Structure formats: C-alpha cells, structure tokens
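Heads up: the protein sequence lines correspond to chains A and B, in order.
For my numbering, add 972 to where a residue sits in the first sequence, where the first one is 1.
For my numbering, add 84 to where a residue sits in the second sequence, where the first one is 1.
Errors might be hidden in some of the hints.
What the hints assert, rightly or not - A few chain B residues facing chain A, derived, Cβ under 8 Å:
1) His99
2) Pro157
3) Lys432
Keep in mind the hints are simulated off the structure, nothing from the lab.
Bear in mind the structure is a predicted one, so any value in this text is a computation, not a measurement.
By construction, the Cβ of each residue, glycine as well, lies at the ideal position given by its N, Cα and C atoms.
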Amino acid sequence: MKLIIILAILVVAVLICDKYERKLPPPISWIYALWKKFSHVLGIIMSFLILTILWIVGFGMYAIVIRVITLPKRFKAEPDSYWIDCEPTTVESMKHQF
Amino acid sequence: MSKPTYILGLSCYYHDAGVVLLKDGNIVFAAQEERYTRKKQDDRLPVSATAKALGFAGITIDDIDAVGFYEKPMLKFFDRILSTYFKTWPLGLRQYQMAMQEWMHTKLWIPQQIEKELGYKGKIFYVQHHESHAASSFYCSGFEDATTVTVDGVGEWATTTIGYGKGKKLDLKKEIHFPHSLGLLYSAITYYIGFKVNSAEYKVMGLAPYGEPKYVDQFRELITIKDDGSFNLNMKYFTYEHGLKMTGKKIETLFGQPTRKPESDLTQFHKDIAASVQKITEEAMLKICKHAKEICPSDNLCLAGGVALNCVANGEILRSGLFKDIFIQPAAGDAGGALGVALSIWHKKFDGQRSPRINDVFWGTEYSDDAIRSLLDAEGLPYESLDESTLIDRVSSLLEGENVIGWFQDRMEFGPRALGNRSIIADARNKANWKKVNLKIKFREDFRPFAPTVLEENTSEYFALDCESPYMLLVADVHPEKREVIPAVTHVDGSARIQTINEAQNPKYYNLIKAFREKTGCAVIINTSFNVRGEPIVESPEDALNCFLNTHMDYLVMGNILIEKSKMPADRILQSGDYLQKFELD
C-alpha cells in the first residue's frame, strides 16, 4: 500500500512538473530535467523491447499465415501488363485518412 | 462582400515539406519549409512556412476554411507499410524499429499535430499522394482537358499513375504499385553511385552524359518494361523494402563493382551506370506516356512527381510528338503535393472555378529595399542604392567576363529551381565560369552542369527547342555552331537544361538579360540556385549576405542595392570552412 501511495505521489509530481515546466525553480527544475533524460532512455529501451517482441510474435505469426494463404499466387503466370485499375475517389473519401 | 475561401495545403513527414495558401482558388503564397529552417529538405510540419503564408495574406489560422494533407497516412501505414513488413518478415527488423517509432509518435497523428503546431481546429481533407501530384499539374496547366502522368518513389501504394482531367474533374485510371517504382530504381542507383538518396538524383542525371549506356543489358535484369510502359522490378537486387539501404551485394555482383563510397573518386564505370539508368528511365517514361495517350486520349499532357524533374526524359517526351502541348508542374516533387491537395479541395469540395495557366512560381516571401538597407546598415557594410534602370545597366556590364553575381529579388520561387529571384548569375560565354562557380562558389562537384536562362524570343537561335521552358524542366541540344559561344552552359553531350524567360514572367530579370544582349550580342546567361552545396536556396537578405560573404562571389544585388565584394571589410569575408560545415553534404 505504501509503495502505491509513493508511486501515485511521484506520478502526480511528474504531471505537475510537466505542466509548469518553464516555471519550475531550481533545484526542482534540475531534478526534473534529469528525470526527463532518464525517462527518455527508458522509453527507448522499452519501445525497443516491446517492438522486438511484437515483431517476433505478432508480425511473425501473421506473416506466416499470409505466406501460406498467398502461396498459390507465386505460381501465377507472368501478366501481360503490370498496370492496376485505380479505385475512383469521391469528395466523401477526401474526409478520411484511409 | 462575402468572405473569401482560404485553403491551406500541406505536405510533410517524408521529405521536402511545403505549404500552399489559396484564396478563392488563386495561389496567394507557397513555400518549402527548408527555406526558413535552413535544413535542406526539411520534412517536418511546415510551421514556419505556414506562419509566413498567413502573415503574407494578413490572416490568422482561424480564417482558414479547409486544410488539405497531400496523402492518406492511414492507408499508407496500415495497408502498404504493414503489408510490406508481413511480406519481408523476418527481414526488416531495423527498418521496422525506426519506422514504427516515427509513425506511432508523429505520422499517425496528423490532425493532432496540425492542431497542436498550427492551432487549426477545422476540417482536414486528405487526397492520395499521386492524385495530389496529378492535381498540382492539371489544375495549374490551364488545359481544358489533359492526360496526366505521375511518376515518383512511392505514395500510399502507387508509384506511377495515368489519369485524365477535364474541366474541374480529374480521375486516376491506372497505377503501378510499390515496390515496383521507377523513382526508387533511380534512387537505388543514386545510392549505388555514392550520392544521397532522395536528394541527389539530379546529380545522376547530370553525370549521365559523361558515360555510355553500356550496362543497359544488366538493367534489363533489374527491371522488366512491357510495351504498355508498365514495369516490374526484380526485387532480389533491391533491399529498400526491408533494409536501411537501397541495394545490397547482389547488385554489386551484377555490375561487378562495389557501391561507391560518398565523396570518393567518380570513375568511368559510375558515369556509364548513370548513363544506363538514364536510358532505361527515358525508355520507360516514353512508353508510359504512349500508353497514357492510348487509354486517356488528349492532345495535352500533364506531368508531375519527382521523376518529372528528370528534364532529359521530359525533353525526349516533348520531341516524341506524342502530345501537342506538355505542362510539367515546376514543383513536381513532394512540396508540390501541397499545391495539388489544396487545388483538389477547391475544385472538388468547393466546386471552384478553374484558373488559367500559372505564369510563374514567384509565390514566396519578399523583402523591401528598406529591409535590405536596414540589414546592411546594422552589419556596417558598404553598399550602393541605385534606381532600377541604372542597376540593370551596371549589372549587365558587370556580368561580362568572370564576375559572378548573387541576384536576390522580389518573391522567392516555389519548387526546387531558382528561376531568377534567388539566383547566382554569370556570363555563359566564359568557360572558366563553369569551374569557378562549381568549385569556388557552390563548392560542389566539378562535373555538375549549369543551366542557361535565355530570352524567350532568342531561344531557337541557340537551342533546338521551339517552345517555352520557363521552369528549367526541359533539356534540348545547343546548336553546334553556338556551343563555342556559350560553353559554360553547354553540357559535354552538347545539351542544356533551358530556362526561357519573357517580360511578363519576370520583368527585372528579363530586362537584365536584354541589356546584357544589347551589350554583348549574347542572349544567354548562367543561372544557378543561390546557395552552396547542401544549403537550401537563400530565403532572406541575411541568408543571401551570408552566402555572398563566405564564397568567392564578386557582387551581390538585392533589390536595387549593389554590394561589391572588394569593398567588404577583410574580417567579414571568406570563412567558407565554418560556413560550409553548417550544411550536410548532399
């Protein structure tokens, strides 16, 4: 319970520091700057680890399934043309990012 | 009086970020972000350029009726990029690590970024990458109807498209999908020859005339081109789908030479490779345009996309006679996508009227003579203020011989070319100027050619070109008898990348060359961009002054103010080493 309370206080402290970053007096500004550098390094390590696990597990499984499904396509005859028909666009489709 | 409709077009987050502001469908302002941040091909959201655009129009972001983004980020990421990872897995971990962080952090949050950085909370529209390119060309062309062809590296899926525009309507009909890309083939060879990808492709084009296309047969192993212009790359020779490099060992085995290290010696082999990829590109472009004419018949052709900056290929298309008239978007690269999306919104969403063909691309920032004088006074540098006719007379005299002059005037150009407002100019009759400008002013490779500006009425006197080329996007032969007359702009194969000019496009620049012709009988001068290697073209008087002071330029003309290098204080000139270090080599 004590640990949770300490963690909660720390999180609140970081959020407050983040909001009033430019107004923080020393030495709080120094401590916060150090924390930001540490959290940045931590972020790089964590994202590297998480992304690698996702690559091996998530992407790996899906890639294998896709390759099996698309296997017959590999034996298709050479097409006469590589042109593909475009899908028509509309004003409505301009509202979307996809 | 009703409030005008303002549309802001944006392109960013790949390379070459740009912004375009339309007022009732007319281009009010357009500029690339790199000019303000001084970072070449800056790809960040164009915050500085947008601030300049709004300031120029005297409006705030709240006055903007619609913002357009030049591609569809979700389609690009969730469809093309993830599909490619599934296809190449387990290869591609490093590219995936880098790309995912970028996408998760920035590129998937376009509306949020626009709101946070630009303060815009209204409607945002998204147009597919190649549709933006096609629109940037068709809607600026003034053609009632036209066949459109766009070719570049890659957008969402498309790398090449064929379309048709009539009136306000523009539809893409056919496309070729990633990873098969003419732009990426050219970039891959750019990498193989040791130049910077997405930046120095034009150097390969400039290098090609020094070589022979001896490796075309090997290139047939890299790319299959059908008679209808569609093509397919043999991906076993390319690594850009999964790697951080464009090519690997297999292409080195195919050509029998390792990848050239940047800044190492260029050999005849590299020149022959450049000539070969150029020949293949021209062949593919001609076939694409021929097929485009068959399936979307029109007398007019509109070109855009990065490959449309290949002016040698453009010249071939023009000479093929496939089309009566050709319009090439001057900002054919990604920055021009900002223009395309803005014009698409104007015509499709607002049902706005078409505008006539654009007359020029002087759409950027400008500085008054008072602002220039204030800078020079603050710097304590001597200068002469002249009236325009005296200035033209003086500068046209100074141009004779070996003087190299920085020419900074009026509004900045949009797109990659300096067309007479942010230019370095010199006498095209003096062959020594080729080396002097390359080595002592631009600090770039000595093989790089220079483009001529010629008075439009004198074009056919010097060049095998019977149409205008105001944006330096066509290459044509210099007449054999004129090659000795203008050696500084005649490339080794007798060709030149021509800019024609008439009085309506740029009266001051036109009058300067006209005065030069009256004095010398020559209607051609050298025009190269006002920058050093790796530096974005100068934007402000301060940028121009810095470039002038730190190179061997002899005179600087800003507005109607003349500055002479020999009168500069000795401690203010030629710290070239420090200056050049500011810019990453391209």
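Using the nearest Cβ pair, does His99 of chain B come within less than 8 Å of chain A? 20 Å, violated
Practice prompt. Go through the hint on Lys432 of chain B and say holds or violated, using the shortest Cβ distance to chain A against 8 Å.
Written response: 5 Å, holds
*asked:* Next item in the hint list is Pro157 of chain B. Is there a CB on chain A closer than 8 Å to its CB?
replied: Cβ of Pro157 of chain B sits 5 Å from chain A, so the hint holds.
Checked against the numbered hints listed earlier, the structure breaks hint 1 alone; every other hint is satisfied.
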